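**Q** Take a look at the letters that make up each chain.
There are 2 protein chains.
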Amino acid sequence: MQKRIKYWGWGYEDEPETPPQLISNMERYFGGFFGVSDFNTLPVPPISAARLRKPRISIPERLKAFCTSDHDERVRHAVGRSFLDYVNIFSNEYSNPPDVVAFVRSEQDIIEVLDWATGANAAVIPFGGGTSVTGGVEPIVGEEYDAVITIDTTRLNKVLEVDDVSQCARIQAGAFGPHLEAQLRPRGYSLRHYPQSFQHSTLGGWIATRSGGHFATQYTHIDDFVESLRVVTPTGTIETRRMPGDGAGPDPDRLFLGAEGSLGIITEAWMRIQKRATHRASIAVFFGDFLKGCEAVRVISQAGLFPSNLRIIDAEEARVNYVSNKNKHILFLGFESADHPVQAWMNRALEICADHGGEFDREILDQPNSHRESEQGRWRDIFLETSYYREITTPREIIYGTMETSITWDRFPELYRRVMDVTAQSMEEATGKRGSLSCRFVYTYPDGPAPYWSFYCLGNHGKLKEQWKHVKKAATDEFIAYGGSATHHTSIGRDHMTWLNRQTDRGFSRALRSVKSALDPKWIMNPGVIVPVDKSAA
Amino acid sequence: MQKRIKYWGWGYEDEPETPPQLISNMERYFGGFFGVSDFNTLPVPPISAARLRKPRISIPERLKAFCTSDHDERVRHAVGRSFLDYVNIFSNEYSNPPDVVAFVRSEQDIIEVLDWATGANAAVIPFGGGTSVTGGVEPIVGEEYDAVITIDTTRLNKVLEVDDVSQCARIQAGAFGPHLEAQLRPRGYSLRHYPQSFQHSTLGGWIATRSGGHFATQYTHIDDFVESLRVVTPTGTIETRRMPGDGAGPDPDRLFLGAEGSLGIITEAWMRIQKRATHRASIAVFFGDFLKGCEAVRVISQAGLFPSNLRIIDAEEARVNYVSNKNKHILFLGFESADHPVQAWMNRALEICADHGGEFDREILDQPNSHRESEQGRWRDIFLETSYYREITTPREIIYGTMETSITWDRFPELYRRVMDVTAQSMEEATGKRGSLSCRFVYTYPDGPAPYWSFYCLGNHGKLKEQWKHVKKAATDEFIAYGGSATHHTSIGRDHMTWLNRQTDRGFSRALRSVKSALDPKWIMNPGVIVPVDKSAA
Numbered sequence: 001m002q003k004r005i006k007y008w009g010w011g012y013e014d015e016p017e018t019p020p021q022l023i024s025n026m027e028r029y030f031g032g033f034f035g036v037s038d039f040n041t042l043p044v045p046p047i048s049a050a051r052l053r054k055p056r057i058s059i060p061e062r063l064k065a066f067c068t069s070d071h072d073e074r075v076r077h078a079v080g081r082s083f084l085d086y087v088n089i090f091s092n093e094y095s096n097p098p099d100v101v102a103f104v105r106s107e108q109d110i111i112e113v114l115d116w117a118t119g120a121n122a123a124v125i126p127f128g129g130g131t132s133v134t135g136g137v138e139p140i141v142g143e144e145y146d147a148v149i150t151i152d153t154t155r156l157n158k159v160l161e162v163d164d165v166s167q168c169a170r171i172q173a174g175a176f177g178p179h180l181e182a183q184l185r186p187r188g189y190s191l192r193h194y195p196q197s198f199q200h201s202t203l204g205g206w207i208a209t210r211s212g213g214h215f216a217t218q219y220t221h222i223d224d225f226v227e228s229l230r231v232v233t234p235t236g237t238i239e240t241r242r243m244p245g246d247g248a249g250p251d252p253d254r255l256f257l258g259a260e261g262s263l264g265i266i267t268e269a270w271m272r273i274q275k276r277a278t279h280r281a282s283i284a285v286f287f288g289d290f291l292k293g294c295e296a297v298r299v300i301s302q303a304g305l306f307p308s309n310l311r312i313i314d315a316e317e318a319r320v321n322y323v324s325n326k327n328k329h330i331l332f333l334g335f336e337s338a339d340h341p342v343q344a345w346m347n348r349a350l351e352i353c354a355d356h357g358g359e360f361d362r363e364i365l366d367q368p369n370s371h372r373e374s375e376q377g378r379w380r381d382i383f384l385e386t387s388y389y390r391e392i393t394t395p396r397e398i399i400y401g402t403m404e405t406s407i408t409w410d411r412f413p414e415l416y417r418r419v420m421d422v423t424a425q426s427m428e429e430a431t432g433k434r435g436s437l438s439c440r441f442v443y444t445y446p447d448g449p450a451p452y453w454s455f456y457c458l459g460n461h462g463k464l465k466e467q468w469k470h471v472k473k474a475a476t477d478e479f480i481a482y483g484g485s486a487t488h489h490t491s492i493g494r495d496h497m498t499w500l501n502r503q504t505d506r507g508f509s510r511a512l513r514s515v516k517s518a519l520d521p522k523w524i525m526n527p528g529v530i531v532p533v534d535k536s537a538a
Numbered sequence: 001m002q003k004r005i006k007y008w009g010w011g012y013e014d015e016p017e018t019p020p021q022l023i024s025n026m027e028r029y030f031g032g033f034f035g036v037s038d039f040n041t042l043p044v045p046p047i048s049a050a051r052l053r054k055p056r057i058s059i060p061e062r063l064k065a066f067c068t069s070d071h072d073e074r075v076r077h078a079v080g081r082s083f084l085d086y087v088n089i090f091s092n093e094y095s096n097p098p099d100v101v102a103f104v105r106s107e108q109d110i111i112e113v114l115d116w117a118t119g120a121n122a123a124v125i126p127f128g129g130g131t132s133v134t135g136g137v138e139p140i141v142g143e144e145y146d147a148v149i150t151i152d153t154t155r156l157n158k159v160l161e162v163d164d165v166s167q168c169a170r171i172q173a174g175a176f177g178p179h180l181e182a183q184l185r186p187r188g189y190s191l192r193h194y195p196q197s198f199q200h201s202t203l204g205g206w207i208a209t210r211s212g213g214h215f216a217t218q219y220t221h222i223d224d225f226v227e228s229l230r231v232v233t234p235t236g237t238i239e240t241r242r243m244p245g246d247g248a249g250p251d252p253d254r255l256f257l258g259a260e261g262s263l264g265i266i267t268e269a270w271m272r273i274q275k276r277a278t279h280r281a282s283i284a285v286f287f288g289d290f291l292k293g294c295e296a297v298r299v300i301s302q303a304g305l306f307p308s309n310l311r312i313i314d315a316e317e318a319r320v321n322y323v324s325n326k327n328k329h330i331l332f333l334g335f336e337s338a339d340h341p342v343q344a345w346m347n348r349a350l351e352i353c354a355d356h357g358g359e360f361d362r363e364i365l366d367q368p369n370s371h372r373e374s375e376q377g378r379w380r381d382i383f384l385e386t387s388y389y390r391e392i393t394t395p396r397e398i399i400y401g402t403m404e405t406s407i408t409w410d411r412f413p414e415l416y417r418r419v420m421d422v423t424a425q426s427m428e429e430a431t432g433k434r435g436s437l438s439c440r441f442v443y444t445y446p447d448g449p450a451p452y453w454s455f456y457c458l459g460n461h462g463k464l465k466e467q468w469k470h471v472k473k474a475a476t477d478e479f480i481a482y483g484g485s486a487t488h489h490t491s492i493g494r495d496h497m498t499w500l501n502r503q504t505d506r507g508f509s510r511a512l513r514s515v516k517s518a519l520d521p522k523w524i525m526n527p528g529v530i531v532p533v534d535k536s537a538a
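Residue numbers (my numbering), protein chains in the order written: chain A, 1 to 538; chain B, 1 to 538.
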């Protein structure tokens, strides 16, 4: 069995404490920022006191071996880890719990649940780690359905096969990041895909949501690692072929990558894996001007060097996260390889940084553990630790929101300034106080970056959802207006559907609805996500 | 106006002569191989004598400005450049000519033609350069349609916009390779996509068929260069967003990449372009054992070095093409960059070659024009010249066929041996004589190669089609049996549909048929290609 996440936040259920250093860091920073000496802090609510409606269907005898309506399991599967989810958790309000949770052990179990759901007019929610930050797993499905069955895939967690010659592995969709890597490590391999949710999210979730790994350029998207898939739909199981690359018609895998469970449930995939890196070089480069640093990133990304790390964070991001107080913007630059030394690559990238006014201490490259020390080391830790932030901020009335987009370089500077302005203003409108706002790049492509904003403002218990929505909407509207995407890698879920509908051509939506009707004729799969609900138009 | 291809083969219509050196090379080689001193050679048939049925519809007055039923245009648009097409050309048999050719000048023209076609129950064939080698443009549409209208896109041939910051260009779909590059060159850019048909094929054709460029690894597929698309379908025009990379639902571009005109007509695209390379290193490495050379290719492709060239050709391929008589297998290895010297990359790749018994003359790296000389230079020329081969071989009763697949490394050696055996045997069965057979790699991925076979056997006029089919079927059946793809980069067309149907999961075919019905409810777009014809099941 894989270890489970605690029901009210981040970390394993047998280590439920929030890291105390993170709590004191945040209280100190935001106490100073907002001028608050004592936050109005809610306690962690006990799971037994969670208010749930009664289950609306009863489990057929033949499915009782793996299906349950247990109170605690329904709570655990009622929400994800979005801002709205955390507000629900701390108010112990679960308005949309599933009626049943099915811990499927095989594809046959899934088929039986889908048959049952079809007959019972129940919506089906696929659930891996449940770490969606966009409302992907909360069963808000509307009145059209008589019940909700959540299918938990985490019993399907094995690496079934490793092909050492082609460097691929067949992996079940319910494997969590650490468990999956633990199975590959003895053979010297890694999937080398590290989304921020790595610890508690699953392969199937990554594929369904087109997750981005933490590497900054080239092969980092889960899309690029998928060689083939198996998907159970209400009308049958679909298996695609293992193919290194081909041009035989539209790529079937791409239909399920990003469908977020709206067409079926991914059960396993052949994934491209890699030898573990043995050569590394990394460094922090400091810039006085954020947009000048971004320009260095652009030139490096267009030079064909493909660094494994190429992330710029602004000075406020560095301050909030206790990475640096130098009031400089920091570019984390790194190269790694399982095959060859990477100095030639690093030298050229640093030349480009110097050309753009970047400052760095070259001697750090001679220190083998430099990536674990100073600003670099701190950022490395914080990358995973920020997943704890919402369990610290939300009960203290601090709204911690994020949003990110994908935009071409030509439009980035203007969008950047606009989003900074609009977000700052909307935080004041929503809460009456100035908020903290920072920007970093999460990915970089030759034709544009994926900028990511974090905002913190001091709201009021009872109004947090509306306050967050006001800020989120203001910024995301700008993404769409400037030609960007509603999301880059955190998925659509239910929180981003408004903007997905605005960014997507109606003709393509029509095509997608027809696919939905073909594979899922009763529209039971994760309703409200990805496919616009308009059955009549299909 | 762009220059046109000659109606009966390769090269521009104002330079119709086949390069004489190629003719004498082939007559010498195959004269010796087959023991023939005088080939039974058909003459080039005059276009005026082509037998065509009468046009079955008449052009409405309002469309006469750009639509025609001219005899010569109907001949030019009746076939592509597949083996079967060449047999038709040299027998002056055009069984399936379009009734009308529409030289569209705008999207509005396309919309009007699609409206007319819908009312007239006419099938519509999209036609760019017409260089399909798989029957993608010959209007074999069955008796269900009352007529055929071919839409020629080559008047839509402009680079409309260049975004220097993001390094992208908005390009019309009907631009031929050379014309497109000529428009980008003054600004220092290149699309850097060179399929073998480059001279006479168009951007729209490349996108519709998921074309592969001549670079051997990393960004070479047209898929990777597409940032956004416009597609005119019978139910409206679809435009996707310019996005460097995003995870917002299934990628809309991927639905049209590979649809081969079965869903609509691509009219323009934002394409990722690149600075022209200024640093180059290339070399030929010789191997005594083909599979050992392939193993070196595998290790290089898994090392993260990303050479621009990594193509191994076997000794017979070297002989047939007058590249080398050394009876060695040759790996062409090259690196290039617009940004930095590439020695470090080349040095490591050569270490790997040496580890696998590869032999090479390192001094060649110090010669700046080495890629234009000796084996390398000869291969560079032949890569484009082979497009002339069929106009030499077909009239001489030599069947020149090719087939390629995509296969994982673990299955490649066995598939390779099997295809070599089966193809040699089937050539003897079909023609009673031993044929020439060779293999090379066209692309290489970390998880597998795309091997490409060329075969030549001496057939008989009047039986060439059946003889070719016998060999082609034997080999392609093996691709499917071993888990490979029906094609890697030459597209599906009508020639490969049997095998596409066998490689595709039925559930995905069902999804695709539903998309077809949503976007093209009368099923008029390129019928018989990509989407299995089974309307009732949609």
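You may find that some hints are simply not true.
Within a straight-line C-alpha distance of at most 25 Å, the following computed PhoX-like cross-link-like pairs (lysine-lysine) qualify [stated by the list, open to error]:
1. B:LYS158 / A:LYS275
2. A:LYS522 / A:LYS473
3. B:LYS64 / B:LYS158
4. B:LYS6 / B:LYS465
5. B:LYS465 / A:LYS292
6. A:LYS158 / A:LYS292
These aren't lab readings, by the way, just hints derived from the structure by calculation. Source: prediction; values computed, not measured.
**Q** Are LYS64 (chain B) and LYS158 (chain B) close enough, with their CA atoms no more than 25 Å apart?
**A** 23 Å, holds
**Q** For the pair supplied as a hint, LYS158 (chain B) and LYS275 (chain A), is the alpha-carbon distance within the 25 Å limit?
**A** Violated. LYS158 (chain B) to LYS275 (chain A) sits at ~45 Å, over the 25 Å cutoff.
**Q** Straight-line Cα separation of LYS465 (chain B) and LYS292 (chain A) no greater than 25 Å?
**A** With a Cα-Cα distance of about 63 Å, the restraint between LYS465 (chain B) and LYS292 (chain A) is violated, given a limit of 25 Å.
**Q** Given the proposed pairing of LYS6 (chain B) with LYS465 (chain B), does the C-alpha separation stay at or below 25 Å?
**A** Between LYS6 (chain B) and LYS465 (chain B) the Cα gap is close to 23 Å, so the pair holds against 25 Å.
**Q** With a cut-off of 25 Å on the C-alpha distance, tell me whether LYS522 (chain A) and LYS473 (chain A) pass.
**A** 32 Å, violated
**Q** Hinted pair, alpha-carbon criterion (25 Å max): LYS158 (chain A), LYS292 (chain A). Please report holds or violated.
**A** 46 Å, violated
When each numbered hint is compared with the structure, violations occur for hints 1, 2, 5, 6.
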